[in-house]
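Colleague: We have chain A; now place chains B and C onto it with these hints.
The residues making up each chain are set out below.
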Amino acid sequence: MSDHESTYVPKTAIERWMDTRLPIIRFGMDYANLPTPRNLNYWWTFGGILALCLMTQIITGIVLAMHYTPNTALAFASVERIMRDVNGGWLIRYVHANGASMFFIAVYLHMLRGLYYGSYKAPREMIWIVGCLIFFLMIATAFLGYVLPWGQMSFWGAEVITNLIGAIPVVGEPILIWLRGGPAIDNATLNRFFSLHYLLPFVIAGCVVLHLWALHAAGQNNPVGILIPKDRQKKDMLPFHPYFTVKDGFAIILFLILFAVFVFYQPNALGHADNYIPANPLQTPAHIVPEWYMLPFYAILRAIPDKFGGVVAMFGAIGVLFVLPWLDTSKVRSMRYRPTMRTCFIIFLFVCFGLGWCGGQLPDAPVVPGMPSFNLFDGQLNSYLWLTRLLTAYYFIFFLVLMPFLGLREKPLPVPATISEPVLPVTEQKG
Amino acid sequence: MISNEKKTVSFRKILVSLTAAVGLVAIAAPAMAAGGAKHPREGNFSFEGPFGTYDQGQLQRGYKVYKEVCASCHGMDLMHFRNLGDKHGPFWNPKYPNPNDNPVVKALAKEAQVPDIDSETGEALMRDATTADKFPNPYPNATAAAAANGGAMPPDLSVMAKARHDGANYIYSLLSGYVTPPAGLKMTSAQHYNPYMAGDLTPFWEGKGHVPPGGFIAMPAPLRAGQVTYDDGTEATVDQMAKDVAAFIAWTSEPKATERKQMGFGVIIFLLLFAGITYASYRRIWKGVAH
Amino acid sequence: MAESVVNAEGPDGQHGGGDATRRDFIHIAAGAAAVGAGVMVAWPLINQMNPAADTLALASIEFDLTKVQEGQQVVIKWQGKPVFVRYRTPAEIQKVSAEGAVGSPPQTDVERTKAGHEKYLVVIGSCTHLGCVPTFGTGDFGGWFCPCHGSHYDASGRIRKGPAPLNLVVPNYEYMSDTRVKIG
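Protein chains in written order, with the working numbering: chain A, 52 to 482; chain B, 87 to 377; chain C, 1332 to 1515.
Hints in this document: simulated from the structure, not taken from any laboratory. Bear in mind that the values here come from a model prediction, so they are computed numbers and not experimental data. Where a beta carbon is used, it is the ideal one built from N, C-alpha and C, also for glycine. One or more of the hints may lead you astray.
[To be verified] DEER-style ranges, computed between Cβ atoms: (1) B:Pro-180 x A:Tyr-82: 48 to 56 Å; (2) A:Pro-420 x C:Ile-1377: 25 to 33 Å; (3) C:Asp-1385 x A:Pro-174: 37 to 45 Å; (4) A:Phe-366 x B:Lys-373: 45 to 53 Å; (5) A:Gly-233 x C:Lys-1450: 31 to 39 Å; (6) B:Glu-197 x C:Ser-1428: 27 to 35 Å; (7) C:Lys-1412 x B:Lys-196: 25 to 33 Å; (8) B:Met-212 x C:Ile-1377: 40 to 48 Å.
One chain only, chain A, in its complex shape:
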């Protein structure tokens, strides 16, 4: 917590010498002894898992950059050379490629925990905002990285996404040409994307430091969502080490098993077969889709009939997260005690999955084949286009309407005064 004071006492002469010059041991010990709410469940282990994901991506990425060639004529073959000729290169590349997906699985679960338990609410707004920034940078990094193998999906993904910039009135076109370094996606684009793909992970790492700093200042939230009163701290808190290091460690190993199953047994399941076809600027694949983790946002983009409007909606879907701490008016953090909100949240989760599913479908395809339908404005009602619109509407209503109004209107359940209370058996509580 913010009022957590350093309890570290340097023991040896070397430690004392260091402590007055570079108190790095004190810094580490303070983190190890950080009082942490004892009731944190496994949803709180994703922070550690994400740290591991970032490290994995940076290390494997640096290694891959030793063998990759950012040139349109050579990129595809250089990636396959990594898969074939470089010692253990196939392993490193599959870890990196699947690592991106694992990173997003973990970050979505981490965000879901933050949403459910109200971890974004005062005094933790800065943790949340920096987290949103990290998420945005992750999307940018993943997009840039997906371009590098220079397959068909790389090329056409880059084409479509950079074209979004062109939707901006007046300045869009010049910015687009500046961004691509020419009239089309070409060697100049590939080179700068490689450079930026190498840069951004280190920016993310910097943001992670801020994220942790803010966490250290405001303290951990917990499943009950209450601030732990000062006099309860000794009873309700545990030092981070060894209690939460071992819990995080166990969760990390479980996560690594999932990771390993993908890397070793389904390494291409999360990718798209078309990306093993070298990029061809003269032929678009029949059905282009982004990676799974971007599908919900891609669906929102396509839901809006206007090009610029779609871009605004897509960025708005991410942007709304940044102001979430001020949209939620409820005094109660955890949705455990907000039954109405919890129902809305469950619907919201299904909507997110639904948007992801819609993002991978052709907009004009019928949702229920063979069901009679009628034309509404620009498409059949029984089409993914209209389903996406419905889901997009809920996505924004959840944040912009339900969050502010439910917070004021709903009647939350009684919130326990301490986090120990719910842990005690019912009989003991009643007695």
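Modeller: For chains B and C alone, kept in the frame of chain A given last:
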């Protein structure tokens, strides 16, 4: 035992139902993805599944089909002769850990002629290939390949099994699946009908009933029974050749697949043990702590 | 954690206490497994920098000796390094043979060539001092002279004067025929 059990459980319920929903979607996905083409037939390959490995005899037969049939139009630019002697490859021999020393591989390389430049004069010349050389490409460049094939460039086959959904089964089905086009399908002489090819034939369908599955392919049926004489005496039926060459292309697409699966087995066993030990350690540390 | 254990006292940092050895063992085992995992992860990250299969495949080249004129040398590239193939004149051969074992380590000319092919000298063209390429036909001994730091080699590639510690390296090579050598 927990006063707010109802609430915690409901959050779990959300996840269970979400997982179920995602699972259903995942099951439904391939059916949707197949689109207008016929779902590939099962090749029942030896390399399928987590413990599957390549059948060396089949890879050797597949290489022969590739070399004698496919290679006259299709390149395989990512393959080198030395790869044929790699571990788990068609001509792997444990006696020659370095595939460049493998006499079979050397002999196969020597059969091929590759373009080079005279180191003295700089003039173009053809020389015998070495193990370090790539498989020769039948065309000097993409434009020449397209020009020689009526505008449709025969795609490179190196990673073809990864570049198509359900790669090996698809290649097998496509090569052995040529049928007489159904009456009522409007097509030119440069087009060939294949029910496994991706496409939408609606604009070309003038017949009765449903639009036939599949699409047009520029490649005529490439395999005829007995076209290749297998060294191991296997009868060279179209089905056999298609299956063998599909297996060969699956190997060229993913030459490290066997190594990958074997390593994965060890890694996952290790992680399970590691998880067990860590869980025991976790239980010890948290023993007697209410949470 | 469904199986929450209730302990009204809360944590005091001591758990169990009686079976300290077994407790320590499980923590040590978990720590050891983590260290083991780290080592296993480190190996592929280190090994990837070793020469790749395509690099190793180019380990040997063949060369047609008829391309070298008497008294001249041809420089070919092998594994990214220059290789001197020198067709020596009878006078040069006689001179280096007559000198016996010289250089560092002391070697006779016979040790540095193949029997029956004494007129051809094949050496790696990197100065053994710091890797510059010595220039042909210069220096005090009629062999090579390294312009970087002044090492003099004779026509057998042996170091005779200057800072270089060793004779020019003779690579592994063999005669495929009278006019063709395979290096590597």
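Colleague: All hints are to be evaluated individually against the structure, with a verdict given for each.
Modeller: Here is how each hint holds up against the structure:
Take B:Pro-180 and A:Tyr-82: their Cβ atoms lie about 52 Å apart, and the range 48 to 56 Å holds. Checked against the given bound of 25 to 33 Å, the beta carbons of A:Pro-420 and C:Ile-1377, roughly 54 Å apart, lie outside it. Between C:Asp-1385 and A:Pro-174 the C-beta distance comes to about 57 Å, which lies outside the given range of 37 to 45 Å. About 50 Å separates the C-beta atoms of A:Phe-366 and B:Lys-373, a value consistent with the hinted range of 45 to 53 Å.
Distance hint check: the CB atoms of A:Gly-233 and C:Lys-1450 are about 58 Å apart, inconsistent with the given range 31 to 39 Å. With their beta carbons about 45 Å apart, B:Glu-197 and C:Ser-1428 fall outside the hinted range of 27 to 35 Å. Between C:Lys-1412 and B:Lys-196 the C-beta distance comes to about 27 Å, which sits within the given range of 25 to 33 Å. Separation of B:Met-212 from C:Ile-1377 is about 41 Å and conforms to the stated range, judged on CB atoms against 40 to 48 Å.
Comparing the model with each earlier hint shows violations of hints 2, 3, 5 and 6; every other hint is respected.
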